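A.B. asks: Each chain, letter by letter, is given below.
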Amino acid sequence: MADTTASTTQMSQSDDTTTGPPVDESHSGDGEPTAPASSDSHSADGQASVIAFSNLKKSFANGEESFTVFEGLDFEITEGSFTSIMGPSGCGKSTLLNVISGLIPPDEGEIRRDGEIVEPGEFFYSYVFQEPRLLDWLTIGENVRFALRAQGVPPEDQSGRIYRYLELVGLEDKIDSYPQQLSGGMRQRVGIARALAVDPEILFMDEPFSSLDEFTAKELRADLLEIWKETGKTIIFVTHNSSEAVFLSDSILILDDNGQLFDQVSVDAPRPRTIGDEALIETESTMMEQFFAHLDTGPDES
Amino acid sequence: MNRAPRIAVSLVAFVAGWWLLSLYNGRMFPSPVAVGGLIVEFVFEGDIDNRSALYHLWVTFGRVLASTALALGIALVIGIAMKTNDGVAKAFEAWLPVWMTPPDVVVILVVMVILGFNSLAVVVAVTFAYTPFALVTIWQGLQEVDPGLVEMADAFEASRVEIWRQIYVPHLMSYIFSSLRNLFGMTWKVAVIAEVFGISNGVGSRVRFWFLQGNIAEVLAYAVLFVGVVLVIEYAVLNPVQNRAFAWRQA
Chain A
1 MADTTASTTQ
11 MSQSDDTTTG
21 PPVDESHSGD
31 GEPTAPASSD
41 SHSADGQASV
51 IAFSNLKKSF
61 ANGEESFTVF
71 EGLDFEITEG
81 SFTSIMGPSG
91 CGKSTLLNVI
101 SGLIPPDEGE
111 IRRDGEIVEP
121 GEFFYSYVFQ
131 EPRLLDWLTI
141 GENVRFALRA
151 QGVPPEDQSG
161 RIYRYLELVG
171 LEDKIDSYPQ
181 QLSGGMRQRV
191 GIARALAVDP
201 EILFMDEPFS
211 SLDEFTAKEL
221 RADLLEIWKE
231 TGKTIIFVTH
241 NSSEAVFLSD
251 SILILDDNGQ
261 LFDQVSVDAP
271 RPRTIGDEAL
281 IETESTMMEQ
291 FFAHLDTGPD
301 ES
Chain B
1 MNRAPRIAVS
11 LVAFVAGWWL
21 LSLYNGRMFP
31 SPVAVGGLIV
41 EFVFEGDIDN
51 RSALYHLWVT
61 FGRVLASTAL
71 ALGIALVIGI
81 AMKTNDGVAK
91 AFEAWLPVWM
101 TPPDVVVILV
111 VMVILGFNSL
121 AVVVAVTFAY
131 TPFALVTIWQ
141 GLQEVDPGLV
151 EMADAFEASR
161 VEIWRQIYVP
171 HLMSYIFSSL
181 RNLFGMTWKV
191 AVIAEVFGIS
201 NGVGSRVRFW
211 FLQGNIAEVL
221 AYAVLFVGVV
231 LVIEYAVLNP
241 VQNRAFAWRQ
251 A
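First to last, the sequence lines map onto chains A and B. If you read the first sequence in our numbering, its first letter stands for residue 1, the second for the next number, and so on. If you read the second sequence in our numbering, its first letter stands for residue 1, the second for the next number, and so on.
It should be emphasised that the hints constitute simulated quantities derived from the structure, not laboratory data. Quick caveat, the model's predicted, so the values are computed rather than measured. Where a beta carbon is used, it is the ideal one built from N, C-alpha and C, also for glycine. A hint or two may mislead.
[What the hints assert, rightly or not] Chain A regions said to be covered by chain B (calculated; three or more residues, Cβ under 8 Å): (1) 129 to 136; (2) 148 to 155.
[Said to hold, decoys possible] Chain A is faced by these chain B residues, among others (derived, beta-carbon under 8 Å): (3) 148; (4) 152; (5) 153; (6) 155; (7) 157; (8) 158; (9) 170.
Can you make the complete structure from the sequences, with help from the hints?
C.D. replies: Printed below as a string of structure tokens:
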């Protein structure tokens, strides 16, 4: 079986040799990830790779002046973990995401996977956007197929994958519906299914729940954790909602409004987590207290 | 279906109003019955040129179809060129208002002087006059494509061809359709005017003939036939096609 993903990208977890029936077994067949299928793989157990970013810098020229978005960023992301990037609006979260994904090159810095240098664009990633960004004239199934086709997934594998990932987000019975027939939350689920269906190494999520009402967002957060547990993907999640970050993440990168990495907080509360959990609330309040204290003192003194 | 009775009522009101006018002045406003009789005669027995009115309608229809298709096709090609090249966009944005300004009659006369009094001249004149109107709609459609969708497609590494096929073209479909309907409504009228200027067949030629004879009833017969055909195309062809093509909207 040919490689099921785009030739320009690499996949670390795919098993390209199997073509089994698509639906019954959630982790076999046509290029599915076979390794990290349980929650154990989410912790750094010594086997998961570590992606280390060091001394990242990005600035933009604005006329003759140069505007530095961030500088000297150092952080690590463990494969299979859930990492959030948090910070006030305009702090460079999206720019950082674009640098990691290779959409824009950094001015300085390097990325290593288990000690070996890799180019930013080498990660095979996919995106969940703030809005679902579905094609209204295609059915839900065809929307997922759009991404599969773009990634060069062989036609015979597409239908199985579409069904499987729509099933994963609980929308398999909506496969022939059009986006406008679905609620906002459902549409965002389709966006998640589409991003996962191409079987990325890293899933970038750029404030995916910020335009949903709180009830829907709450439900989707819980479902996202289930999906993450089932697929074992590395997720990098951008948000400015501290409760959301603490509830979802293993690790939170906090940028201040000067684009400096102010803190990397690890959230050790056991999973499954419940909203309102005391440990989570405590982590959040400590994190935010330190953040506001840092803002008050100003970057020069920190 | 409550649309049928509504249409029936307005139709009856229209015919009644017409009939009242004919009572007032039968020479200037021939009665609906007289005009209806002429329509039946022209369709089934032929006009005095021994040709059925349907033949003339068909000839006009061919010219309208050709010029509508050409205007839309040219507008699409220019629109795509504008979208992919800033220089082309700027040039056409500057010249579009000029292109839209000349009166149809002037365009028709100039083209006929150049190409002669024939079908080609009608098609070229109508195409020239209406391409800019189609282009305005297409250009607007191309500018309103959601950049977020294109960004999404780029993130999944979709090819340029796929992006055009799956995003630009489907998005443009509604603009193409609305442009097609507008064009169709307008090109009919101009094509007939062009025919009036000196073509030997088509609805316009018969209107000219009967007008020169001073026979209003015959002129009206062709007008009614003509309106009927346009409405049939609108409701029996364009509407159902549009409903099918945009099923996702009714969703």
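A.B. asks: Return the numbers of the hints above that this structure violates; sort them in rising order.
C.D. replies: none
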